[in-house]
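Trainee: Listed here are the chains, written in short residue letters.
2 protein chains.
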Amino acid sequence: MAEERRLIMLPGPTNVPDRVMRAMLKPIINHRGSEFAALLDSVSEGLKYVFETKQDVYVLTSSGTGAVECAISNVINPGDKVIIPVFGVFSERLKEKVTRHGGKVVEIPVEWGNAPTAEQIKTALEEEKDAKLLAIVYNETSTGVTVRELPEMGKMAKENDILLIADAISILGGDHLPVDEWNIDICVTGSQKCLACPPGLAMISVGKRAWETIDKRAVKPPYYFDLISIRDYASRKETPFTPAISLYYALDEALKIIKEEGLEKRYQRHATCAQAFYTALEALDLKPYAAENVRSNTVISVNVPRKVDGAKIREVMREHYKVVIAGGMGKIRQLILRIGCMGIVSEAEVLVTIDALENALADLEHPVKIGTGIEVARQVF
Amino acid sequence: MAEERRLIMLPGPTNVPDRVMRAMLKPIINHRGSEFAALLDSVSEGLKYVFETKQDVYVLTSSGTGAVECAISNVINPGDKVIIPVFGVFSERLKEKVTRHGGKVVEIPVEWGNAPTAEQIKTALEEEKDAKLLAIVYNETSTGVTVRELPEMGKMAKENDILLIADAISILGGDHLPVDEWNIDICVTGSQKCLACPPGLAMISVGKRAWETIDKRAVKPPYYFDLISIRDYASRKETPFTPAISLYYALDEALKIIKEEGLEKRYQRHATCAQAFYTALEALDLKPYAAENVRSNTVISVNVPRKVDGAKIREVMREHYKVVIAGGMGKIRQLILRIGCMGIVSEAEVLVTIDALENALADLEHPVKIGTGIEVARQVF
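The listed protein sequences correspond, in order, to chains S and F. 381 is the number that my numbering gives the last residue of the first sequence; the numbers go up by one with no jumps. 381 is the number that my numbering gives the last residue of the second sequence; the numbers go up by one with no jumps.
Please note that a few of the clues may not be correct.
Because identical chains cannot be distinguished in the list, a pair is counted as satisfied if it fits within a single copy or across any two copies.
Stated by the list, open to error - Result set (DSS-like, lysine-lysine): computed pairs, CA atoms no more than 25 Å apart in a straight line:
#1 331 with 95
#2 331 with 237
#3 81 with 208
#4 287 with 132
#5 95 with 220
#6 322 with 237
#7 54 with 155
None of these hints come from the bench; they were simulated from the model.
Work out the full structure, taking the sequences as your base and the hints as a guide.
Mentor: Right, dumping it as structure tokens:
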């Protein structure tokens, strides 16, 4: 296997600081002992800081998808109506999970590249007075779209006395998301995105109103994702099943780095890097896939220019310029490129990525003046 | 957090070789790219060797419990009868999982400390002609019991045309388990036991007869544990959701170490270490909890002597002698001690553990002649 390091500019997993990688080397410990209890305390405190919540936050040994299923399966009773705006692959997945656990999906279809609006949610809530749940992907990783009106949606959910679940996998830690202030009842993220930790863990916050529903649930969730059992074990500073201890060490370190930097500074850094990307793309005559007012600061999506093969661009970037970016997903698999703007991203990573993109395009004989993107991006910083 | 290393003699997680720990530092890669495909190939080949199977073997980012739930939820249709011998905490968990996924449990109650016999399974199969599944914990981690008649049970399952699921979490890689030869349709293990890898991954083999059932299933399993989706992605050398890449590297290295040693030699080493433990316990007048003919080579369980507090023994061993062992689980939580005899275990670990146990007992004023256990154990090697 190649040991050569490439710059990972994927929308997850992303580059992990050495401090975080090295934390994985700490000794294996008893997950039912005092050392793990202390580790869990520390991780929990760090998560409450990043989630900006006083709610319980739990760590699961699973991908983010597992934690979203955990959220869904613990609050849905058979036949419950769930309002879901669908505007990409991950909101489609949300739909599938709700259906699989017996919920009835009320879909708000949204054109891909756009975000659902508070107005749309308002209408849906008026039309579906018996809806139990609003489930929203805050940042659609597949399209590079952020739901900027999420705070208004949180207010509406509270006023209508229904729960709000937010899938914040590709954004939490990279852009604003004060869970309590925005009335998010259950919020989910993954370790390998904006937290800049290796993949394998997922985090889930559960608020008071969500617990009321969970404690009255009629159907049990999957055994592995049972929040009541998770809460019971957490009360004695354990997890129900053997946790991925080495990854907990990494997460703990990643959370410390976030606290050292501070949330505001971190969000600003992500926003500046995103702005640099978007400015460079414009200068290169490349069109972002997402509508301007809902463009994500953590996942940059861009249309593949006509007459160029997106897979080829990625291959040249990866093999010649050592920068790894992603293609599209689902129905736009071939049509877009996606760049992760996450975690440790800074001026250096942005410029190297733009440089690789410019050069790859030139190598593939797409008309591009090398340096154009870099120049305007540099001015952003 | 204490950085001091202790000898981990738990029935999982267990001591991990430095080679395996260091493998986690390999670069984060694209889990939808060629490097991960190569890693998956290598891991898959290693797993087929350890499982002794030509069947498909998949890796899940979850604990072993998650993989057992995966097995159960993919093959059970509502109302299906499932025969389960129950003889400890993990076979009870198996029961709970089957119930949760709509199965009807036919329980074979077995006194804890004993193993179900082939005769009992035969009777159950005769009485329950419409049973669809036989689910057996091959090694009851909570009691230190191995089901030595599993090969006969596999034959019976095949003859009766029902599926056999084996939970081999705390034994695979430490004792004989030729999955194909023993007719095990689905076999599950975890990374942190006899494979000597950090926790966080679980492995599941799925045979042809199991696939026939899965492909005809009437109810979908949890989204995160959907074997059909896992098989689809595996065919293009991917996983459905982001895998714990760093742990895959560790697993790959752990599997290489196993291949270097060879299965027979590895099983013999575990057996010798177990024999040394049992011999020493006898010399110390400590009674193993498991019946003699079904004692496990990977989990050593022993009754706490009268008038001594088991928790206290463990505390003294951990704090004064730097050896970590486990207590009991469930209804025998206070009554036994459990020692992991797994992974890298060798003469050194066995002797250090016995020494710590002898000294802790002496410190707690239990009448024991220090050196008695060590002496007979050394003779075993």
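Trainee: Within a copy, between copies, both or neither: which one fits residue 331 and residue 237 at a CA-CA cutoff of 25 Å?
Mentor: between (44 Å within a copy, 21 Å between copies)
Trainee: Using 25 Å as the alpha-carbon threshold, which applies to residue 322 and residue 237: within, between, both, or neither?
Mentor: between (43 Å within a copy, 22 Å between copies)
Trainee: Regarding residue 81 and residue 208, is the shortest C-alpha distance of 25 Å or less found within a copy, between copies, in both, or in neither?
Mentor: within (21 Å within a copy, 39 Å between copies)
Trainee: Between copies, within a copy, both or neither: which fits residue 331 and residue 95 at Cα up to 25 Å?
Mentor: So residue 331 and residue 95 pass the 25 Å test inside one copy only (16 Å; across, 42 Å).
Trainee: Which holds for residue 54 with residue 155 at a C-alpha limit of 25 Å: within a copy, between copies, both or neither?
Mentor: For residue 54 and residue 155, the Cα distance is within 25 Å only inside one copy (18 Å; across copies 55 Å).
Trainee: First find the shortest C-alpha distance between residue 287 and residue 132 inside one copy, then the shortest across copies, and answer within, between, both or neither for a cut-off of 25 Å.
Mentor: neither (39 Å within a copy, 56 Å between copies)
Trainee: Given a CA cutoff of 25 Å, do residue 95 and residue 220 count as a within-copy pair, a between-copy pair, both, or neither?
Mentor: So residue 95 and residue 220 pass the 25 Å test inside a copy (19 Å) and across (15 Å) alike.
The earlier numbered hint that this structure contradicts is number 4, and it is the only one.
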